[in-house]
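Visitor: Protein chains in written order, with our numbering: chain A, 1 to 493; chain B, 1001 to 1318; chain C, 2001 to 2358; chain D, 3001 to 3358.
Keep in mind the hints are simulated off the structure, nothing from the lab. Each statement offered as a hint is correct.
In silico lysine-lysine, DSSO-like type, Cα no more than 27 Å apart, as pairs:
(1) A:Lys411 - A:Lys300
(2) A:Lys411 - A:Lys334
(3) C:Lys2246 - A:Lys100
(4) B:Lys1145 - B:Lys1256
(5) B:Lys1142 - B:Lys1178
(6) D:Lys3181 - B:Lys1178
(7) B:Lys1142 - B:Lys1256
(8) B:Lys1142 - B:Lys1171
(9) B:Lys1051 - B:Lys1282
(10) B:Lys1209 - B:Lys1147
(11) B:Lys1282 - B:Lys1022
(12) A:Lys376 - A:Lys209
(13) C:Lys2246 - A:Lys334
(14) C:Lys2337 - D:Lys3181
(15) B:Lys1142 - B:Lys1305
(16) B:Lys1210 - B:Lys1147
(17) D:Lys3246 - A:Lys411
(18) C:Lys2181 - B:Lys1253
(19) B:Lys1171 - B:Lys1145
(20) C:Lys2337 - B:Lys1209
(21) B:Lys1023 - B:Lys1282
(22) B:Lys1046 - C:Lys2181
(23) D:Lys3246 - A:Lys300
(24) B:Lys1147 - B:Lys1256
(25) B:Lys1305 - B:Lys1145
(26) A:Lys334 - D:Lys3246
(27) B:Lys1178 - B:Lys1305
(28) B:Lys1145 - B:Lys1253
(29) B:Lys1171 - C:Lys2337
(30) D:Lys3181 - B:Lys1171
(31) B:Lys1142 - B:Lys1209
(32) C:Lys2181 - B:Lys1051
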Amino acid sequence: MADIVKRFPGVVALRGVDLEVRPGEVHCLLGQNGAGKSTLIKVLAGVHSPDEGRISWNGNDIQLSHPQAAMDLGIATIYQELDLVEGLTVAENIYLGHEKTRFGFSRRAEASRATAALLARLGHPEISPSAEVGSLSAAGQQIVSMARALSRDARLIVMDEPSAVLDSGEVQRLFKVIRDLTADGVAVIYISHRLEEIRTIGDRVTVLKDGATVATGLEARETPTAEIIRLMTGRAIEYVFPPRPGVPDGDPLLSVVGLARAGEFSDISFDVRPGEVLGLAGLVGAGRSEIVETVFGARKADRGTVSVAGRTLRPGSVDAAVRAGVGLCPEERKSQALLLGDSVARNISLASLARFGRAGFLGSDGERRAAEEQVKALDVRPGKVDAEMRTLSGGNQQKVVLARWLLRDCKVLLLDEPTRGVDVGARSEIYALVRRLADSGVAVVVVSSEIEEVLGLSDRVLVIGEGSLLHEGPSPEIDEHGVLDIIMRGDAA
Amino acid sequence: DDGTGSQSSAPRAASDNDAPGKKVVIGFSGPAADHGWLGAINSAAKAEAGKYSDVEFRTAEGTNDASLQISQIETFINDKVDAIVLLPTDGAALTEVATKAMNAGIQVVNVDREFSSPFAARTTILGDNYGMGVSAGTYACKLVKDKNLSNPVIAEIAGIDALPLTQDRSKGFADALKACGQTVDNRVAAAFTVESGEKEASNLLQAAKKIDIIWNHDDDQGIGVMQAFDNANRHEFAFIGGAGSSNAMQWIKDGKMEATVIYPPTQAADGVRLARLLVQQKGLSDLVQVEVPRRIVLNAPVVTKANVDKYLPLGFKS
Amino acid sequence: MSVDATAQNGAPGRSGSPVPDPDRQQTVAPEATHQSRFTALLASSFGRNLGLVIALVLLCVVGLATAGDRFGTFDNAMTILRLASVIGVISVGMTFVISGGGIDLSVGAIVALGSVWATTVATQAMAADVHWIVMVFTAVLVGAACGLVNGVLIAYGRIAPFIVTLAMLAAARGLAEIIAKRRTQIITDRDFIDFFNGNVMGVPVLVIMFALAAVVGWLLLNRTTFGRRTLAVGGNPEAARLAGIKVQRQTAYLYILLGVACGIAAVMIMARTTTGSSTHGQLYELDSIAAVVIGGTLLSGGRGTIVGTVFGVLIFTTLTNVFTLNDLDTSTQAVAKGAIIIAAVLLQQRVAGRSHKT
Amino acid sequence: MSVDATAQNGAPGRSGSPVPDPDRQQTVAPEATHQSRFTALLASSFGRNLGLVIALVLLCVVGLATAGDRFGTFDNAMTILRLASVIGVISVGMTFVISGGGIDLSVGAIVALGSVWATTVATQAMAADVHWIVMVFTAVLVGAACGLVNGVLIAYGRIAPFIVTLAMLAAARGLAEIIAKRRTQIITDRDFIDFFNGNVMGVPVLVIMFALAAVVGWLLLNRTTFGRRTLAVGGNPEAARLAGIKVQRQTAYLYILLGVACGIAAVMIMARTTTGSSTHGQLYELDSIAAVVIGGTLLSGGRGTIVGTVFGVLIFTTLTNVFTLNDLDTSTQAVAKGAIIIAAVLLQQRVAGRSHKT
Ligand SMILES: Nc1ncnc2c1ncn2[C@@H]1O[C@H](COP(=O)(O)OP(=O)(O)OP(=O)(O)O)[C@@H](O)[C@H]1O
Ligand SMILES: Nc1ncnc2c1ncn2[C@@H]1O[C@H](COP(=O)(O)OP(=O)(O)OP(=O)(O)O)[C@@H](O)[C@H]1O
Ligand SMILES: [Mg+2]
Ligand SMILES: [Mg+2]
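Chain A extracted, bound-state conformation (with noise of 0.2 Å):
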């Protein structure tokens, strides 16, 4: 790919970006949030058509007028978002497009017996194939996003991601599907922020910046990570956790007490003092998640209690904990947080309405005045408050929601992967941000399947594991081998 222009209407998202993919290798695609890189690979898999610039595919010039151009072609695509239609089940959904079929008619026990060997390849026989995709989690639909890629034919497989909802197994696992599929002459397009991960699959690494190419054909073992980052963000940043104060002496804000919930999880008790920040540490699908949105109301407790300020919440009520000073940034924002059609002010402005409103009534300056604070706060790009949302990279997505309870001023927030899909950059500025809002009393409660980033970040960890309490204990005091050991032996610490 060469000089690729892609315009939208406001923004110049690509402004002439080459790329260049041999077969056999895993390309590196790094950039920060909204540097272009989703929009690139959607040119690249017929989804965009692109304003200027060429593709050559094995040395002939292509036109991808639509994305079954791309997959005829060999490119097959991971999308960030993932683009699964939620009322098919898993089969269907893998070879939609492609369906097994003879006479027209579908042969659901071949698709079905391919899937079942797609996913026990993919390391999860215990999907089944007849299952339908709105059930799983998001972890397991990103098994079946991949899973799709793979029941493709490809030269080429883009994933843009794939990692942003695994844990280290799942993504150790992901990594010797790659390697298999580079050692058959596979081209694999890779794209994630996690640097890391880049040194230990990555051949090599193209960057991109403000929607151009800054460097690219680098090595991905060689280069230093400090240079990477340097050019992405075009500034050297410290990707350290920020130091932990300690927690004041106190009361605690937050107490939850025998929390369960029928076949998800049982018995969590836990209490989060002012200024504190707690981490749930655990595997894809361990339920910590559920317990969550269970503390937060929006699940109702089978049995157990919560408290914010030795109040206890209504079982059950979002509105309860909500006015009780409780946030929660949820897991899936597509679905869970944002108003996609809505513009970035409103959706920052969502929970904290009554705040703007004088008898009900609006005053938008108020509204748009502490949102653009925000927005600067959060350096979310484009910083354009009344950009529609649902253009905007799936990073800055993850900041507006967060800016959300920033703006309410919160006393316990409940993060669910606040991470997820965020650039270096702005990951240590989420990471700051959290230690501020510790510092200034907020409880925070942090979920992450990056046990490295429970462990920098809070300063006691919980580690949950199939829906029980594993373990508890100050973050310092443990390192990621210790959790993995403690969720392998399965029993209470």
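Mind docking chains B, C and D with the ligands on chain A? Use the hints.
Guide: This is chains B, C and D with the ligands only, laid out in the frame that chain A set:
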């Protein structure tokens, strides 16, 4: 091409009423022409207006929404037409605006469905829905007596039940039956369409294993009703129709139908003529009166095999 | 309280058939014989539509209790089925359009136009020696053409289906009136009437046509690529496009399919009433959409069930029949109908959706 | 060819008004004074609805050209507005329900029930000395109660709005017929009629009521937390819920609001026709939904425009007026209406959506 206008070919007393006079602008508004009888009403009115070189005829979109019809009358008032021939979706609902038209000096001719105030129209031509029911009921009573039925099953297939006119017809029917000690045993309501007639009649036939007399309010839906009889192969009853379509008359001739009660589709056409006379300040030539009467109630005669030939030319095509 | 309260609720009917297809789960036990697969299949659609089945059975029980001698006869059953057949064929087609994320308000008008056009061809251009099949072709072609216009405007003109088909509703009925000159056109071809109004082994041809439409529809929706793609387009058009599906073309196909169904329905109603008329098919849009949605197809697209649609049609038709047998007056019927619709849906939700409550 | 053909489009056509809000873009120039902001606001809704404005203007031009002397009068304008007022008030309410992701098919039936109930109260229970305001209250209360039933069944019973309101359509009309005994009830209270049918400075009271409803509706939707919540619930109910909005309660409110609008419309139609009747309000559901959707409110929820709705209503009513003035026959009118609807929407899309094309 339509049999509807043929009434005008009947001989009449010599007069200069048909001679071209002062130019007359007539606005016409009626319900949605969604079935044969109303279609016939509209085309007959239009055809009648076309016969006069001194009439400028304006029609408004047929509608079943009283509010929309009111606005059409308002438009006519704004236009300062000379006369309005109005077949209201609902007489009471259009009374106010008709009164307004009268006050604006426009001659309003009320057709078929009567206004609730005598000041809303200069002249009213009524098809007499109640009378139609009475005619049908009286004829049914006659059948009961003639055939000497001891405990007859009498069924009724009404038109759109929510319309006051349907209520009038049903009440007339019931009142007439009461006179000979009978009641309606099974009643369904269709929607004046062929299809609804077939549907309701099919169900009705299942509801009663044996029926002696059926009165169907409307010969348009009658085509469907007749087909339902054919489909179920049930013809044991005397079938009485309503409105008087040419189909129905043909059935009577063929012996497939016992009788039908005429409900003249020429009312609006008559209304147009009267409106013209009113504006030109002429009287009805067959009357000694020099002015058009305030109220004309049309007869609802029963057509049977005996007299069908006389009425056949009046039958409208559904 | 369910987490997806209103999320799924947008159309809360999403809980309409959230029961996983047990047939699919059958694959877990690959040793299952074909025999048991079939039984499982039956059991599956039975289970998913249990609420509807119960509603229909209850209705029949009421029918038997209140008008036993007249309700429980073969004749009456055939009457119900014959009445269900026309709207049934349309509802099968409508299931596709709605599953595909669309809606069609013009079905009744298309039926009217098809019938009128066909009878006009029959009476005008045709000499007596032209076969009635020409009439059938005309009706189906007119239906397909209207569907094509709808489909193209919706898929390629990108106008909301509601608007396009509302416009078609006005235009097709107006055109039908113009063609028919607002006269009911009576079909004189006895062969045509005898063929479609006849019986095959006691079962009316119309009912057989409905059954065929349902079977073909079921196969098409559940067992073919076309059906998969329909659900994908309805469930998540963006994902469908990314999977290489020609979303616009697929959308257009759906409206053409429904247009053809309307053409067939026009033929059926011509046979039933022996007429072509611009008044045919009134309120079919509401009736068929209601049957489809009661059946459990998601109004927002992405999930569709032909079996549910058939039940939906049968429930409505049986309801009218039971009302008439009991000589209920129309106003009371309307009130009862409203209450029964809600009761049936609540029943279906509670029975079939129980497993889905969080 | 647009790249996100179907992306933005949901289902092709799901896109009602993909036009970005120019009002928002105004902030690019933060130095804008309040004065210019106001002009910008005007310009903005003008721009967003440019296609609709052009359609309406074209219609007026046609009206003037074909029936100039009669079309272009104050009286005629008031006639159009008076006709628009009843359906207009309902459409404003409908804008809320549709923006909130719902639909209501029962509006016409609720109008009928409200009018009949009010007139029955007036004729039966009331002695002559009770003020007509009782009639008004009755109609509004009946409307609100029906809306409450709809809202509760939809929000808390989680039944699809289409089904609930279809059932309400049947039930309310049936009940209206039972109460009125299918008779038109005539209002004899001259004070009532004179008040609502009167003029204030030459402008009919009904038109003023419509204007008030539009202004209140606009403020509520665009300038209050209620409106914001409505759009959030319609756009993404799950996100709204997790942001602490009481989605179910908000949904119920929307139907109650529309019910109240129907009650007011019932009063208006009672004044207009001086009657209460179970036949009032026929097809209002289609008319009002059509006006709302033509106006640019997304049928899938999340975006709504009162100004667009008002234009939608005016376009439809002006169309009828121009047709009547030109003495077009009904069938031709229907065909023309279909074509004009499509043309207007295409125009709106092309004019206003140009900036959004990729
Ligand atoms: N459909 C669209 N309309 C308008 N602007 C768009 C659209 N899609 C993307 N953009 C803009 O294009 C730029 C690049 O976005 P893109 O999604 O490619 O970023 P990215 O590099 O993938 O970021 P991330 O790491 O957060 O996923 C962003 O500024 C984004 O706002
Ligand atoms: N809607 C659903 N229906 C059925 N099972 C579900 C559903 N949502 C989640 N699950 C299951 O519940 C379990 C926990 O889910 P989830 O993946 O949210 O846990 P988690 O610990 O939060 O993982 P993550 O790391 O992805 O946040 C998993 O076994 C998942 O498959
Ligand atoms: Mg991206
Ligand atoms: Mg999770």
